[in-house]
Structures are given as structure tokens and as C-alpha cells.
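Let the hints inform the model, and build the full structure from the sequences given.
Numbering (this note's numbering) for the sequence shown: 1 to 315.
No incorrect hints appear here.
Result set (DSS-like, lysine-lysine): computed pairs, CA atoms no more than 25 Å apart in a straight line: (1) Lys63 with Lys22; (2) Lys63 with Lys2; (3) Lys22 with Lys2; (4) Lys286 with Lys152.
No lab work stands behind these hints: they were computed from the structure.
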Amino acid sequence: MKNFAITGVAGYIAPRHLAAIKQTGNRLVAAVDPHDSVGILDRYFFDVAYFREFERFDRHVEKLRRRSEQERVHYVSICSPNYLHDAHIRFALRVGADAICEKPLVLNPWNCDALAELEAETGRRVYTVLQLRLHPAIQALHARYARSGSDKHDVELTYITSRGQWYLYSWKGDVSRSGGLATNIGIHFFDMLIWIFGPVETSRVFLAEPTRTCGYLELARARVHWFLSIDPKDLPVVGLKPGQTTYRSIRIDGQEIEFSEGFTDLHTRVYEEVLAGRGFGISDAKPSIELTYQIRHSQPEGMPSKIPLRLPRAA
Numbered sequence: 001m002k003n004f005a006i007t008g009v010a011g012y013i014a015p016r017h018l019a020a021i022k023q024t025g026n027r028l029v030a031a032v033d034p035h036d037s038v039g040i041l042d043r044y045f046f047d048v049a050y051f052r053e054f055e056r057f058d059r060h061v062e063k064l065r066r067r068s069e070q071e072r073v074h075y076v077s078i079c080s081p082n083y084l085h086d087a088h089i090r091f092a093l094r095v096g097a098d099a100i101c102e103k104p105l106v107l108n109p110w111n112c113d114a115l116a117e118l119e120a121e122t123g124r125r126v127y128t129v130l131q132l133r134l135h136p137a138i139q140a141l142h143a144r145y146a147r148s149g150s151d152k153h154d155v156e157l158t159y160i161t162s163r164g165q166w167y168l169y170s171w172k173g174d175v176s177r178s179g180g181l182a183t184n185i186g187i188h189f190f191d192m193l194i195w196i197f198g199p200v201e202t203s204r205v206f207l208a209e210p211t212r213t214c215g216y217l218e219l220a221r222a223r224v225h226w227f228l229s230i231d232p233k234d235l236p237v238v239g240l241k242p243g244q245t246t247y248r249s250i251r252i253d254g255q256e257i258e259f260s261e262g263f264t265d266l267h268t269r270v271y272e273e274v275l276a277g278r279g280f281g282i283s284d285a286k287p288s289i290e291l292t293y294q295i296r297h298s299q300p301e302g303m304p305s306k307i308p309l310r311l312p313r314a315a
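What follows is the structure, given as C-alpha cells:
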């Protein structure tokens, strides 16, 4: 049984990490979040030392480190806002723990290089959550296309995940803190595409609005048109179940790829891989971080007159 600490325990994604810690037979010993609506802890663990101030959390974890191998924190799960990931990973390495960090690992590519240096100095590991690589349907695509030679496939990616007005008023709506839509909600899909179809050769951005963004990628083995949105008005008029607020679609050479199910236990699978020493690390995360950084700093060209992507509003 390993000891875990968690940052950002009051956030949206934290319950998946709490469940993963529990389901892999480990225990949570410390948690921190400036927002104290953390009753979710009792669903998974009791006797968790909770702190609102990071300084007191830091002090507590440091004290545990000095007591014994059995009491120290072995892993820090990082669920805090994106712009804090780099600092919280550094904290984990400093207290002798491995880091398991939500996406995006960091916002800027050069932060990856600095963290790799700290890994080497401390002997600890930095893991990230690239759970789509563990989805059976995506693994099947990887097996089919990752070694498909030099032929380029035509790919359409559409991802719409409805969010209310709160999104734009929170840290997620602040590009300097979240990295924008391409980073905050798109990075898993960009990682998936690079993993399957190879490195980025060209990237263009057509549209960059607070709630919608759209562009084109040329990968080693694919031509990709992509569309991301948090606007519920972009949901397709037909084809959704009652109450469905998320729409995922990938078309490869005109064929729809179904992967709407199978997401519920992927964080637990990520933790199982980490605990077995096979987790995804800095080098795995860096290509998609480089791409989303480039997208974030690109000047939108405007929508072309003809685009093969089936935009929901245009349907």
C-alpha cells in the first residue's frame, strides 16, 4: 500500500483520482485546496489531513517524509489548475515523491525540459494522465494506423463538451492560466492523434473564440481537420441521447470511429500502469504540449470557403 497526497481536491477531476487511489488499494493521507467544499473525501477515505493553505500542506508532507518510509508520501496526485502544475510537480519531487499530474502536464514546452532535469537530479518520476491511450478503441486504431506506411489518411475530429457561463469566469476561461480550449479540453485528442499518426508537420488555426476553436493539422500519416467547442448550441440536432451534453466524433477516411463509451475507469487504468512502472512520462506528453502552445500563439486565418469538417452548425 502506497501513500498519496493530492492537490486540487475540490476540483472537477479530483474524484476520478480519488477513485483510482482507492481502487488500486492505496491510501490518501493528505489533501489541499483553497476551496473547502471537500466532503467528497468521505466517499473514499477518512483520516485524510486536509489543508486550505498550501504552505501548511507542504509542512505536513515534509514532516511525513522525515518520519519513516511507511509514513512518507510516495505519490502526489496533481489536480490543481493548469498554471500550477509545474510548481506542484516540483513540490512532489522535492519531498521525494513521484508526481501523477492531470493534463496538461505543463503549459509551455520548455517546462518539460526543466522537469526532466529535476527528474534526473531527484531520481523521482513525473507521470501524466493520457488516458485515451488506454481506451480499447483508441488502442485498436493505434495498432491499425501507427505502422501504415507513408500514406496519409483524412481525419475529422469534433469534440463538443457543453459548459455553462461559469467556465469563462473561472480560471479555465483565462488563457494565461488554462492555456485555452485547445490546451484545456483538446490536448488529450491531439496527443491521441500524434500517437496514432505521427509527428506534426503543419498546424493552422482558422477560428479562435472563447468557446470555439477550429484548425488543420498535417501529421506524418494524416491530414486532420479539428473542431473543439464548449457551446451547447454546437451539439448536433440529431443523433444524441436525451440529456446528452457531450459529443465526440472521429472520422478516418470517411468512416466514423465509435468511442463514446469506456471512459469511466480510464484513470484507474492510468494508476495501474503508473504503479507497475509503465506510466506515461514527460517525453510522452511533450509533443502535444508543443502543438497546443503553437495553436495558442497562432494568428487565426479565418474559416476557409471549403472545409471538409462537418461542423454541427453547418449541418
